[in-house]
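Participant: Each chain, letter by letter, is given below.
Protein chains: 2
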Amino acid sequence: MSDLQNLISEIRPLDPEAVAAAREHQDRLTKPRGSLGLLEDLSVQLAGLSGQTPPPVPEPAAVVVFVGDHGVHAQGVTPWPQEVTGQMVANFLAGGAVVNAIAGRAGAEVVVVDVGMASPSPDGVRACKVRAGTADLTVEPAMTRAEAEQAIGVGADLAEELIAAGHRCLLTGDMGIANTTASAALVAVFTGAAPAEATGHGTGIDEETYARKIDVVARALRRHQPDPADPVGALAAVGGLEHAAIVGYLLAAAAHRIPVILDGVIACSAALVAQALAPDMVAALIAGHESVEPGATLAMRSLGLTPVLRMGMRLGEGSGAALALPVVQTAAAVLAEVATFDGAGVTDKHV
Amino acid sequence: MSDLQNLISEIRPLDPEAVAAAREHQDRLTKPRGSLGLLEDLSVQLAGLSGQTPPPVPEPAAVVVFVGDHGVHAQGVTPWPQEVTGQMVANFLAGGAVVNAIAGRAGAEVVVVDVGMASPSPDGVRACKVRAGTADLTVEPAMTRAEAEQAIGVGADLAEELIAAGHRCLLTGDMGIANTTASAALVAVFTGAAPAEATGHGTGIDEETYARKIDVVARALRRHQPDPADPVGALAAVGGLEHAAIVGYLLAAAAHRIPVILDGVIACSAALVAQALAPDMVAALIAGHESVEPGATLAMRSLGLTPVLRMGMRLGEGSGAALALPVVQTAAAVLAEVATFDGAGVTDKHV
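Chains as they are written, first to last, in my numbering: chain A, 1 to 351; chain B, 1001 to 1351.
Same shape as in the complex, but just chain A (with noise of 0.2 Å):
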């Protein structure tokens, strides 16, 4: 745990100086104040990320779609079988999912990376797999601690080497058939939510699997009995290889100061876990869109986060990350390059 130890202490709230800067700036563009809502707030967070005003604009980009099984698909939460999460796994490779699309429009790179397939890691892929699949939570932890931590440690090296390589904005995504009800456990342990609420219909359930999916989630709890105070703990206990990753890819990006756009349930599941070990980390997050599951709105409300898109989607791989990228890169755009009233020349409103 020393290097997590290590990036948790490199973590800081946004820069106030910054935020007071941009907040005042965008109060001299030529706009009536306030009339670009929530691009103005985006563009405060990412002048207060990188402690200048205006903030550069995020990019180049890239979305790493973690990957991962769980045994607890086994206790039948899905209609999908477990081999699909390889299948989509060569989609990804061979560009051919929703995921590859959007983020082609959009600018950014799509990296695919095994942190726990239950198959063996095919070519093109990083393989960093930690373990086959995680165990079924309703029987014994998903997953020992140690792993727990190894599987943190890829996501926080993966988002390392791409900071290196020149990324400036960075998109969680995620593969893994079953990882929702994974996800719903963690939202009802680190928000307080009953099962219930925080269990969805994921990818198209009916109701009896439905009903089937939240008695998991109650079970798998009264298990564990997981501790929030204790979230390394938590997450070995109840949630998925492909959510630890995402915890260390999100830390490691805001230890660097570097905007992370959040996909889905699955990275605001992971989020919870992510603040609840280093709480200034919200700083650098951005949720990309409101996702109908309801685990999903509940997490963004503890992490205090507004979604940038509400377009009734509910997919994963990264999908609606990286259909927001196009708005946040536009947000620090706008307050670079628009003119003041008195560098144009426009007359301000009587006040």
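Hint data in this document are derived by calculation from the structure and do not stem from the laboratory. There may be inaccurate statements among the hints.
Claimed, not checked - DMTMM-like mimics (lysine to aspartate or glutamate), calculated; alpha carbons at most 25 Å apart, straight line:
(1) A:K349 / B:D1206
(2) B:K1349 / A:D215
(3) B:K1349 / A:E207
(4) A:K349 / B:D1041
(5) A:K349 / A:D41
(6) B:K1349 / B:D1041
(7) A:K349 / B:D1136
(8) B:K1349 / B:D1027
(9) B:K1349 / A:D136
(10) A:K349 / A:E24
(11) A:K349 / A:E337
(12) A:K349 / B:E1207
(13) A:K349 / B:E1208
(14) A:K349 / B:D1215
(15) B:K1349 / B:E1024
(16) B:K1349 / A:D206
(17) B:K1349 / A:E83
(18) A:K349 / A:D27
(19) B:K1349 / B:E1337
(20) B:K1349 / A:E208
What the hints assert, rightly or not - Derived contacts from chain A toward chain B, CB cut-off under 8 Å, selection only:
(21) K31
(22) L38
(23) R105
(24) M313
(25) L315
(26) Q329
(27) V338
(28) A344
(29) G345
(30) V346
As the list claims (entries may be wrong) - Not everything, but these chain A residues come out facing chain B in the computed CB check (under 8 Å):
(31) R33
(32) L39
(33) E83
(34) A97
(35) T330
Beta carbons: idealized from backbone N, C-alpha and C, even for Gly.
Starting from the known structure of chain A, fit chain B onto it as the hints suggest.
Facilitator: Same frame as chain A, but now just chain B:
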């Protein structure tokens, strides 16, 4: 009106075969059915408009900023002096306005058209002035029927010129101090809403000015009794020159089956006029964002449109339309580029 009647006679609803093919193709893509929410709906609309499945990505794009002044400014409906219209035109031409920054990031051209500035057309603007600002609509009709028709022609000609030059997505923009007052009056006429429901705080006014603005709208409606069954007459009585130009712009785009992304309440109120002239023209409309102006929400409901973005914006200029452009283009790219279950060898869920 013969040109206008010709345009209107060309307008058709979405192609039902392309719509059905696009829905069917969406359901074969390697993702849970429906999991892309509004992005799927946008792709289906673009297919139905173009008659092709998948539809071409709507690019290149142009945003036309139609500029007009308003005689109703004399009634004290805004704290901004009227000369700000011309100052902002200079800002657009210098590339220093918000719409320049946002359109620049999205790769869209910005065209500035004087359809009714009170001051002379500056160099660099497209000089299509119909008259030097409208008359005060609380005293007399804002413009004559002939002037309204001429301004509609300006907008239609611009759209046809841009389409002939290869543009495949048109965005609305507008500038005109006091133009949300005319918009509120149009929304009240075409939706039946009361003046207090249709009128908003525009670019930011205090409660005293807001009460005066509502009263101005109510007086205009009482004086002119605009008849929604005579759309051009109603437009002439209580609209603006930029509203009229946008009506023509929308109708020409719809006739040529080119998608138009609407910006805020000015465009949405103009779209109500266009819809009254040719109900099927809504097939071409995409609501770029949900402006905080209540008239925009009322108009979108009447038009049957769901906004792409909900960012709390209320600037105008085309800023919200330009911010939505990458999302709209991505919707088409997803349908064109993503692999199918069969094609990628991915197992569909147990149904």
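Participant: So, V346 of chain A near chain B? Judge it on the closest CB pair being under 8 Å.
Facilitator: holds, 4 Å
Participant: Does the alpha-carbon distance linking K1349 of chain B and E1337 of chain B stay inside the 25 Å limit?
Facilitator: holds, 21 Å
Participant: Do the alpha carbons of K349 of chain A and E337 of chain A lie within 25 Å of each other, as the hint requires?
Facilitator: holds, 21 Å
Participant: Any CB of chain B closer than 8 Å to the CB of Q329 of chain A?
Facilitator: holds, 6 Å
Participant: Does L38 of chain A pass the interface hint, meaning its C-beta sits closer than 8 Å to a C-beta of chain B?
Facilitator: This interface hint holds because 4 Å falls under the 8 Å limit.
Participant: Given the proposed pairing of K349 of chain A with D1041 of chain B, does the C-alpha separation stay at or below 25 Å?
Facilitator: Given pair K349 of chain A, D1041 of chain B is violated - Cα atoms ~40 Å apart, limit 25 Å.
Participant: Any CB of chain B closer than 8 Å to the CB of L315 of chain A?
Facilitator: holds, 4 Å
Participant: Would you settle whether the hint for K31 of chain A is holds or violated, based on the nearest Cβ-Cβ distance to chain B being less than 8 Å?
Facilitator: K31 of chain A check passes; min Cβ-Cβ to chain B is 5 Å, inside 8 Å.
Participant: When you check the alpha-carbon spacing of K349 of chain A and D27 of chain A, does it fall within 25 Å?
Facilitator: Roughly 12 Å separates the two Cα atoms, so the pair holds.
Participant: Holds or violated: K1349 of chain B and E207 of chain A, Cα atoms, limit 25 Å.
Facilitator: holds, 16 Å
Participant: The hint names G345 of chain A as touching chain B; please verify it with the least Cβ-Cβ distance against 8 Å.
Facilitator: holds, 6 Å
Participant: Less than 8 Å between beta-carbons is the criterion; does L39 of chain A satisfy it with respect to chain B?
Facilitator: Hint holds; L39 of chain A Cβ to chain B Cβ min 6 Å, cut 8 Å.
Checked against the numbered hints given earlier, the structure breaks only hint 4 and satisfies all the rest.
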